[in-house]
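Protein chains: 2
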Amino acid sequence: MASKPSIPKGTRDFSPAEVAKRQYIIQTIKNNFEKFGFQPIETPSFENSETLMGKYGEEGDRLIFKILNSGDYLAKANGTHLEAKDSTKLTSSISEKALRYDLTVPFARYVVQHQNEIEFPFKRYQIQPVWRADRPQKGRFREFFQCDADVVGSKSLWQEVELVQLYDTVFTSLGLNGVTVKINNRKILSGIAEVIGASDKLIDFTVALDKLDKIGEDGVKKEMIEKGISEEAIVKVQPLFNFTGSISEKIQKLAQLLTTSEEGLKGVEELRFICDNVTNLGLTTAILDLDVTLARGLNYYTGAIFEVAAPKGVAMGSIGGGGRYDDLTGIFGLKNMSGVGISFGLDRIYLVIEELGLFPETVTASSKALFINYGDQEAFYALQAIKKLRSEGIKVELYPDNAKVGKQFQHADKRNIPFAVIVGGEEMSSNSYSLKNLISGEQIILDFEGLKNALI
Amino acid sequence: MASKPSIPKGTRDFSPAEVAKRQYIIQTIKNNFEKFGFQPIETPSFENSETLMGKYGEEGDRLIFKILNSGDYLAKANGTHLEAKDSTKLTSSISEKALRYDLTVPFARYVVQHQNEIEFPFKRYQIQPVWRADRPQKGRFREFFQCDADVVGSKSLWQEVELVQLYDTVFTSLGLNGVTVKINNRKILSGIAEVIGASDKLIDFTVALDKLDKIGEDGVKKEMIEKGISEEAIVKVQPLFNFTGSISEKIQKLAQLLTTSEEGLKGVEELRFICDNVTNLGLTTAILDLDVTLARGLNYYTGAIFEVAAPKGVAMGSIGGGGRYDDLTGIFGLKNMSGVGISFGLDRIYLVIEELGLFPETVTASSKALFINYGDQEAFYALQAIKKLRSEGIKVELYPDNAKVGKQFQHADKRNIPFAVIVGGEEMSSNSYSLKNLISGEQIILDFEGLKNALI
Chain A
713 MASKPSIPKG TRDFSPAEVA KRQYIIQTIK NNFEKFGFQP IETPSFENSE
763 TLMGKYGEEG DRLIFKILNS GDYLAKANGT HLEAKDSTKL TSSISEKALR
813 YDLTVPFARY VVQHQNEIEF PFKRYQIQPV WRADRPQKGR FREFFQCDAD
863 VVGSKSLWQE VELVQLYDTV FTSLGLNGVT VKINNRKILS GIAEVIGASD
913 KLIDFTVALD KLDKIGEDGV KKEMIEKGIS EEAIVKVQPL FNFTGSISEK
963 IQKLAQLLTT SEEGLKGVEE LRFICDNVTN LGLTTAILDL DVTLARGLNY
1013 YTGAIFEVAA PKGVAMGSIG GGGRYDDLTG IFGLKNMSGV GISFGLDRIY
1063 LVIEELGLFP ETVTASSKAL FINYGDQEAF YALQAIKKLR SEGIKVELYP
1113 DNAKVGKQFQ HADKRNIPFA VIVGGEEMSS NSYSLKNLIS GEQIILDFEG
1163 LKNALI
Chain B
713 MASKPSIPKG TRDFSPAEVA KRQYIIQTIK NNFEKFGFQP IETPSFENSE
763 TLMGKYGEEG DRLIFKILNS GDYLAKANGT HLEAKDSTKL TSSISEKALR
813 YDLTVPFARY VVQHQNEIEF PFKRYQIQPV WRADRPQKGR FREFFQCDAD
863 VVGSKSLWQE VELVQLYDTV FTSLGLNGVT VKINNRKILS GIAEVIGASD
913 KLIDFTVALD KLDKIGEDGV KKEMIEKGIS EEAIVKVQPL FNFTGSISEK
963 IQKLAQLLTT SEEGLKGVEE LRFICDNVTN LGLTTAILDL DVTLARGLNY
1013 YTGAIFEVAA PKGVAMGSIG GGGRYDDLTG IFGLKNMSGV GISFGLDRIY
1063 LVIEELGLFP ETVTASSKAL FINYGDQEAF YALQAIKKLR SEGIKVELYP
1113 DNAKVGKQFQ HADKRNIPFA VIVGGEEMSS NSYSLKNLIS GEQIILDFEG
1163 LKNALI
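Note that the protein sequences, when read in sequence, are chains A and B. Using the working numbering, read the first sequence as starting at 713 and increasing by one per residue. Using the working numbering, read the second sequence as starting at 713 and increasing by one per residue.
Same shape as in the complex, but just chain A (with noise of 0.2 Å):
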């Protein structure tokens, strides 16, 4: 017990102040979900494992939480597994529940639970802490929080149109002013693999397509050339090396890319629904931007799909994400109901607005006076004060202990506590308070009103 006490890696303790930061957040974007009528719901922290196991791939089952089964675990525990020192077999013999991975499943599992309490088209949303036995590292953590806004139960693409309207009012409302949504679709990714002649090779071929910027059309040909991908491949998609100018422009030579393509096809057409229809409908402060490189989860989504960058000139990767996927809850045994959603990256949200210095200054505002403890008699008059503003909604506390004076007003100080109030025997004798500002030095003689309408 003589070693300092710890917290296991990749974990974090908040403090008062980064709490309230972290609410200011979480508050911002529940208050604009809520606006746009998606509702809120929880789950347990903990899932049976059958529900999250094989369901995030080979990886993902490595990273899941597992919770030791509760009494006499080895009894039930599977002999040869047990002899044979087989970690990864023993496992589901000894532990039947997990914490939760992410929040997509256990809402898939949410949503073929109470399907006949739920009202469809249904939009939930969830601000819940996941887990994951990831390695830690800069800005990466073994728990941390998902926001999460999804729809199930519909295909209307005006979804697609409202969400890229709810990352914008989200950041706007957080003053995070120029923020890139970035758009594609699963169908244009298809569609191009098809016109290559290649959907093996999609991936390598989107990898590289997005070095441009840095080596050059010719740099990028190399690579693919490398990776697999034909010459006429490369020929055929041409277009992608140029693909500059305006959305509509954007869109109209992906049409002429993928006329051969059904599926392709099918994407531009949703694409080009989604991004006209939320140009004419205008943003606030957010971009909208088709980039076709972008490329989340392939096996995962099947429309649209999203990716926010920070604005320009901050250094952070996506600050949130998601898009659409047709078969969310068919794992669990319900069929044809299409999903899409959106997340936010409260961590990397957090860093950005630290870094641009946006949080309010009210965010981490803490009592408003420390009223001065000078004995017994002196507390309760102040406390017969404290009381009535605290009615008023007024944060004010009293300092517990008769302490030297100069160490009150220290305590008032570390704590940016603005105001101290004096109640010594001057005071009770006049019915007054004396109101310090403890950042200009001035002190004012009260009454009652007086104090209130000073601290409001």
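Careful: at least some of the hints might be erroneous.
[Unchecked claim] With the C-beta cut set under 7 Å, the calculated list includes, among others, these residues of chain A facing chain B:
| no. | residue |
| --- | --- |
| 1 | Ser807 |
| 2 | Lys809 |
| 3 | Glu831 |
Rather than coming from a laboratory, the hints here were simulated on the basis of the structure. Bear in mind that the values here come from a model prediction, so they are computed numbers and not experimental data. Where is the CB? At the ideal position from N, CA and C, for every residue including glycine.
Assemble chain B onto chain A, guided by the hints.
Just chain B now, kept in the frame of chain A:
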């Protein structure tokens, strides 16, 4: 996958209506915590096992959820315990982390770990889930929220006074009038033990005394003698059998009873200070009561003990509790940090408010209006209005699909949305909106300003 998915025993999904009600309670508690100068901290969901184990007694250790180490955990498992199939002993070699069991031990760990950054006295609150591998039963869950406010670093009894006021303020804010804040003091209980000459019989004594209402004085005395408490002891504490009257009368009786116990008299002094000041400052709706049978966590608390009972007529166990513990952080090597704190029982408070019908109607309010979707042109027209309404903070939504109108109205109805806005060709050409009140059935035509004013 054909079987309906489920969640682990003792955990819960929360629907939108439930989340909204829980958030209403949490927000009320939070606002009042902050008005009293408490500041939020957050700690990780799991701690190193050594932080938690051994802090809650043997039973507690068993109820802590342990997290299995990642990767090849059997490689580092203790071979002897593995071969002996000794689950209890094996755990420490295959599990290094565990889910927090309460918020108090993590708080103590936090204070010690961050002692150089903290300005004492430190008033912190924490509202987070905790986990216990307890047998699930009605009203007892394996995952539940604790809402705690504690102060460390000051022995001032003004803290106790303010904590009683905090209970009063929170329950008054929730409309839960008439709760009883029961108070006792660990030192009073020690004093009684001294007087009856049987420290080891104290629990039997208080349990028996607590039955006075049910089984009468003779019944209680009979039970005490059966438990091995001497007749002389019972004679000595005779005043406790007629322990009625005002708080100051009760304190007077205790003072007389405990004249031979130094610690007992110290308890009397503390009780007198707290009760006198609480009474003189006045409570809004709560009732303060001195209850000598109150004996929660005897090994833990060292001074005042609190427990809150629901208003009379509501059958519910305690809805809050707390007290002073003289050495909160000693277990982690930081001595002389007196602490005092209270907690609120979220789940029980929820049930009481539900039973008494005290949730404000506005709590579960979803969107104010659903815009009916008559097709893409109309939807675009609707979304222009929707965008402006949302920027005014009004919650509105568009039905995403051009479905049958009856189905869309039904959707609004099932979602408890009070208004529908109809935007067909006629409205578009006259730049207006038909607003239908879904409760009265009344329908009126409005321009945008009129619509906005109707929905604010």
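Do the hints match the structure? See the list:
Taken as an interface hint, serine 807(A) checks out: its beta carbon lies about 6 Å from the nearest beta carbon of chain B, inside 7 Å. Checking lysine 809(A) against chain B: minimum C-beta separation of about 5 Å stays under 7 Å; hint holds. Checking glutamate 831(A) against chain B: minimum C-beta separation of about 4 Å stays under 7 Å; hint holds.
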